[in-house]
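*Asks:* Sequence order for the protein chains is U and S.
Start counting the first sequence at 1; every next residue gets the next number (this note's numbering).
Start counting the second sequence at 295; every next residue gets the next number (this note's numbering).
Honestly, the hints are just simulated from the structure, not real lab data.
Glycine included, each C-beta is placed from N, C-alpha and C at the ideal position.
Be aware that a few hints might be false.
Partial list, computed: chain U residues near chain S (C-beta under 10 Å) [as the list claims (entries may be wrong)]: (1) A3; (2) W4; (3) Q7; (4) D10; (5) R14; (6) D96; (7) Q198; (8) E200; (9) E203; (10) S205; (11) Q206; (12) L208; (13) G209; (14) A210; (15) G248.
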Amino acid sequence: MMAWLRQHRDALARAFGKLRAQRSASLLNALVIGVALSLPAGGYALLANLQLVAQRFTLDPQVSVFLKAEAKRGELEGRLRRDARVVQLRFVSREDALQELRRSEGLAEVVAALERNPLPDAFVVRARDGSAAALEAFAADVRTLPGVAQVQVDSAWAQRLGALARIGRLALAALAALLATGLVAVTFNTIRLQILTQREEIEVSQLLGATDAFIRRPFFYLGLLQGLAGGALGLAILLAGLATLNQGVRDLAQTYGSSFQLAFLSGTEALAVIGLSAFLGWLGALLSVSKYLR
Amino acid sequence: MISFSDVSKRYPGGGEALRGVSFTLESGEFAFVTGRSGAGKSTLLKLIPAIERPTAGSVVVNGQNVGALKRAALPYLRRNLGLVFQDQKLLYDRTVYDNVMLPLAFSGQPPKEAARRVRAALDKVGLLERERANPIALSGGEQQRLAIARAVVNRPAVLVADEPTANLDAESAARILDIFVSFHQVGVTLLIATHDQALIERYGKRVLRLSDGKLAA
Numbered sequence: 001m002m003a004w005l006r007q008h009r010d011a012l013a014r015a016f017g018k019l020r021a022q023r024s025a026s027l028l029n030a031l032v033i034g035v036a037l038s039l040p041a042g043g044y045a046l047l048a049n050l051q052l053v054a055q056r057f058t059l060d061p062q063v064s065v066f067l068k069a070e071a072k073r074g075e076l077e078g079r080l081r082r083d084a085r086v087v088q089l090r091f092v093s094r095e096d097a098l099q100e101l102r103r104s105e106g107l108a109e110v111v112a113a114l115e116r117n118p119l120p121d122a123f124v125v126r127a128r129d130g131s132a133a134a135l136e137a138f139a140a141d142v143r144t145l146p147g148v149a150q151v152q153v154d155s156a157w158a159q160r161l162g163a164l165a166r167i168g169r170l171a172l173a174a175l176a177a178l179l180a181t182g183l184v185a186v187t188f189n190t191i192r193l194q195i196l197t198q199r200e201e202i203e204v205s206q207l208l209g210a211t212d213a214f215i216r217r218p219f220f221y222l223g224l225l226q227g228l229a230g231g232a233l234g235l236a237i238l239l240a241g242l243a244t245l246n247q248g249v250r251d252l253a254q255t256y257g258s259s260f261q262l263a264f265l266s267g268t269e270a271l272a273v274i275g276l277s278a279f280l281g282w283l284g285a286l287l288s289v290s291k292y293l294r
Numbered sequence: 295m296i297s298f299s300d301v302s303k304r305y306p307g308g309g310e311a312l313r314g315v316s317f318t319l320e321s322g323e324f325a326f327v328t329g330r331s332g333a334g335k336s337t338l339l340k341l342i343p344a345i346e347r348p349t350a351g352s353v354v355v356n357g358q359n360v361g362a363l364k365r366a367a368l369p370y371l372r373r374n375l376g377l378v379f380q381d382q383k384l385l386y387d388r389t390v391y392d393n394v395m396l397p398l399a400f401s402g403q404p405p406k407e408a409a410r411r412v413r414a415a416l417d418k419v420g421l422l423e424r425e426r427a428n429p430i431a432l433s434g435g436e437q438q439r440l441a442i443a444r445a446v447v448n449r450p451a452v453l454v455a456d457e458p459t460a461n462l463d464a465e466s467a468a469r470i471l472d473i474f475v476s477f478h479q480v481g482v483t484l485l486i487a488t489h490d491q492a493l494i495e496r497y498g499k500r501v502l503r504l505s506d507g508k509l510a511a
């Protein structure tokens, strides 16, 4: 057990030695990996932020029915209550709506500036079937009712945003897969060059009784360390990039009276990025070693 | 200790380097392998650590048929053999000390014990005060002695050396041979290839004479 541990410590030390011996090349490699990683990681962070925004506004399958000023509220309410597609019905008077608006972020000043209440009375309907098609069909029916000025499916744009995010995620997955392949290729090539420059040492070691495992171990560690360094660098790039973006986001959000900020990856996600990067480095080393060390 | 029976070796696309070679080297024996260039001396020596494998016959070292060993078993065979190569195979990217340390790294020796062994081996070949030097800074004779120190650092029972005195002046060559004799005196089995007749005659040890891949009686 002690001997085994010592051998691994020794291999790690040898790998560090190799990194040190080629400081600038190692740094450049880590940078390549870091840049390659920061792209999908950054895309992921932006999408996660977008989803957060979408979630904040995606409520239940909700439809707002705005009434004409001369509409008969009682009659309309009766018809809506009898409709089987309606689960819940809530009346929002124009006074209540204005109050609500006054409380919502960034609109207080706008409301204060109004001379009179421009809002109509409305029913907020929760539908049984939340699918986009069912909601649209329901909205179309309601639109024909007397006294109805306008019908709005509130969750529609959130759903569109969700669909957009799904496409984004798909594109991101493709990008991540491509860059992961590139990352493996980078390590593969680095380790191949390492093996070539160490041909002599490897040959002598084999002649003097080194096992294959002994000879390979430092190369695995080398790939792993390079992946780790690249992962850390990628996160640093992402952090710097988000910080820069956030300056712009802050200004933009302020004009809406919001304090919205782009969030960095969670601790688990950041660890996953580094872990994945280390794994890909190890994989590149494994492929290279099995091809060039015999 | 080492036993060849009817060993032949044919290189792909080449002639037969060894033809029906049989001999036995007892434990603690000291023998020279001699013959002209191309007679098969190097091939014979390379069969012992299974760097090459015989095309026919068997090579038995320490009771193991080394020609039939699996690749994974080779490191353990080689660790028990001291090998001095014709081209020495020193590593010029590290110190004299680290060259000798190399074989100890494989076997996972405790660092203190390893350091002690490296110094003992360097002391034995008279290079202790050069341990921080790069091998490139050593003379030909010193480089050869360094190769010997590396070969014996694992305290092998068998030492196999290919032309260890080639290109050395008589004085340096004698010094090398004296080192081998001192190992022989503590019971190490030695097999040394050389074409230096004067050397062979001076030491009066057993001689395996190769001619055209065959062992002369």
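*Asks:* Which of the numbered hints above does this structure break?
*Replies:* 6 and 15
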